[in-house]
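Participant: Spelled out, the chains give:
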Amino acid sequence: MKNGISVFIAAFIALGASWCGFVLAPALQLGTAKQTAVLNSGDTYPVQRTGDATLGLQVYRANGCAACHTEQIQQTGIAFEVVLTGAGKNPDAVSNLISTLKLTGLTKEEADSANDKITAVGGKVETHLIPTGADISRGWGVRRSVAADYLYDSPVQLGSLRAGPDLADAGTRLNNASWHLLHLYAPQSVVKNSAMPPFRFLFETRKIGDAPSPDALNLPSEFAPPAGYEVVPKPEAKQLVAYLLSLHADVPLYEAPYTPVQISTNAPAK
Amino acid sequence: MSDETKSCPTPSNAEPTATRSTVPMWVFSLTLVLLFLGFVYFDHHGGWFDERVYGPYASADQLDSYQPKSGAAAAIARGRKIYESNCGTCHGADGLGKPNQAPPLAGSEWVKAKGVQRLTHIPLMGIAGSITVESQTWNLQMAAMGAALPDADLAAVLTYIRSSWGNGMGEVTADDVKAARAAIGANPHPMSGDEMMKMPE
Amino acid sequence: MNDLSQQKIDASCRVPLLALFGGAALWLVVGLLLAVIASLTFHKPDMFADCPVLSYGHAQPAANDAILYGFCIPAALGVMLWIFARLSQTELVLPLVPIVAANIWHLGVFIGIVAILIGDSTGFAWLEFPRGSSVLLFAAFLLVAISAVATFGQRKERELYPSHWFLLAALLWFPWIYATANLLIVSGHPVRGVTQAVIGWWFANNLIFVWLSLVGLGTAFYFLPKLAGRPLQSSYFALFAFWTLILFGTWCGIPQGAPVPAWLPALSTVASSLLIVPLIAIAVIVVKTVCGADVHCKGGPFCYIKFGSAAFLLSGLMLIASACPHFSRIVQFTWFGPAQEQLQILGFFAIIICGAVYELLPRIMDFELPFPKFVRFQHWCFMLGIVLLAGSLAIGGIEQGLKNYDLATTLPFLRASTTGLLFLLLGSLLFAANIFVMTLKWKLALIKSVIAAVTAPLEVSEVKP
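Sequence lines, in order, name chains S, W and V. Counted the way the working numbering counts, the first sequence spans residues 1 to 270. Counted the way the working numbering counts, the second sequence spans residues 1 to 201. Counted the way the working numbering counts, the third sequence spans residues 1 to 465.
Since the hints were derived computationally from the structure, they do not count as laboratory data. Treat the hints loosely; a few may be bogus.
A few chain S residues facing chain W, derived, Cβ under 7 Å [to be verified]:
(1) L28
(2) Q29
(3) G31
(4) T32
(5) E81
(6) P257
Ideal Cβ positions, reconstructed from N, Cα and C, are used throughout, including at glycine.
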């Protein structure tokens, strides 16, 4: 190793390998992604955010929300559940059989064998896919996050730290705009013991004019402004809330399959 | 305190040198063993660069086997979406049809036929001329609305139509649609009800 | 080699290094101050509820960037220039270029930090600086690299010393990753969707782990044998560590559960576990070189470098642990990650660079440090600060992961980490005091000599007839 050039070239190749692997390859593989089809429906996913929600992502970025919140649901496994949809011609035999079988928390093979046994005596069954994992049992989401969830985000705010809960599916879990506004202005007014810093700078406390503003927050007394004043959200606060409400990662996709509850209940009557 | 900051220049003013003792074999062996284990791990968890395989799924085959089967409920849900955007404007979301626009699908003998061949041909070729539905004659045009849909989607929408609004008939498979397409060939032309009756159910 | 030529080499580095170190010392203080401000939110959440500029989401990334881009990189560039000049046994080539570059760099950092504080951050971890500031940093780095490579090209000893490989690779790698990341995710036409995140992780790992390791180890492998008074053990071990570090280290960084196709995190996990190989090699080098040396460090630069090397091994082990599938389920998204980053940046890199600066500063200035006692005092502050900061964050992180990300159980640890930051801040003030007083003394001496030259009676020969 006497020659600087040879070190340079060898280092160039070694370092360039990771550039090809982690920059070029993902850009080629994921960079051309388009909307995908939602499983078992004619819908495409994801849909563009509304104007306010798109601006809200910029409020989220500017205030560094990603320093404390992630937007990625983890999934560690998948379980199967066999659900009886029709007893068929021999209901007694089916119900006797079912009482002897384990129908939830199955592996693929167990689900298939239970399926075969019940079908053999004339029962009709459906197999449901239930993603498992700590995030899903916390209720933060229904399935793992995948690349399609972020197709229209720029910048993509995945985050790396959970000082607060995950927000990937926040719009489904917390779908109330006035709750979000109260939570941003005074987190402890809606979540006791919340350690989230209040974002009062996104709101304006002003004297009530001729009539109270329809936007004014309905705060509990210990957080309320002095009498004669009202707290109204600035446009940024409304945009941020629109963004939070637009966070949905709850449709089944090919790469993250699961059985949504509503499809079996909302299926049209025969 | 000040003495070591003062004293260091003397021994260390010379540039450092390095000895030339070699790296022992066990370090290389360890590297090779770890590389092998890494390969095994990647084989089990890497999905071999497939863009649709995400953890915890191990491979494209496994993920494929986990997809909800094209069972009745799944196909019906999907068929309804396609029906509402493609067929519902004329035939109605309730399948009852609209006067002077389209005949009903609910209870229609064309839909409730035992075989699916005629039913499959209608969206692929369209209708021209008179057609009798539930003993009422309709004289309208229908374009080949389903010709542009993929086989699976057309099958899903036909399954939805056959199983909805009290029709209570069975599934139409993608293979049925494929067979009909093959029978029509490259030259689709709209048919009248009478022409269609010549075809087997 | 005689002392006179060494003095000339050292003197050639004086002004460029002072320009780099002066701003760096200031940014270290500012960065740690911002970090303390950010951590006040853990004590009183509504502290900055009406003041967006200092709220956690603004102050925290600004603190990280001020320490990394403001202190670590320019200070390391200064140390690199001196090492290149010394190893080449020539005076610094193009000394004016790094002086200009230092000013451009610190201007870029200033613009970037102000932008983050007023809400103009780009939203990508470690890449928060807006475009204008990134362009300045990129240009400044290239200028310093030109001077460093030109000095390297002038070397009298053709044989390369191990530090050369590490530092040359670092000079190549920073512009590469910084340009890639800025062009692909910060520019006006960013790549779409989650590819942004993949490139962001790749960049962050390659900067925080690979680049800092290359420069920190290159510096340590230069100073350890020099201060221990015995040769590095050995050249081949260092070569082995170098190649395994860049071959495996550059592929780390994609977290286990990332919402990307499985092959990306799987490759990262494999690469992280392979990092144990360079860690073993580096541990062998450090232990074999340091043990048996008949030198007592007494809190001097030797102590700094030894502590930094130990912190590197620990931070590397933490990186491997957090990529390990079972452990990662506990510590992902917890403060364990920041603990590893802080250990890498402050515990390993900053302390090695501070030690190197204390070692070389008296030589390039040709007079002693104004407060030599501060060196030892700062060493204690840094050690205590880093143990408190990284230790409380790491334990708090594990606790947080076991307790469902419940912030209430983590808060006591986060509050303890503030104490660590205060110790670090005190240490950085001592560092800044030494650098600034030294610069001031030098400037006064310079002014005095100019005045003396102006007021001196003219030589007879210069008087025109």
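Participant: If you check each hint against the structure, which ones fail?
Facilitator: As far as the earlier hints go, 1, 3, 4 and 5 are violated by this structure, in ascending order.
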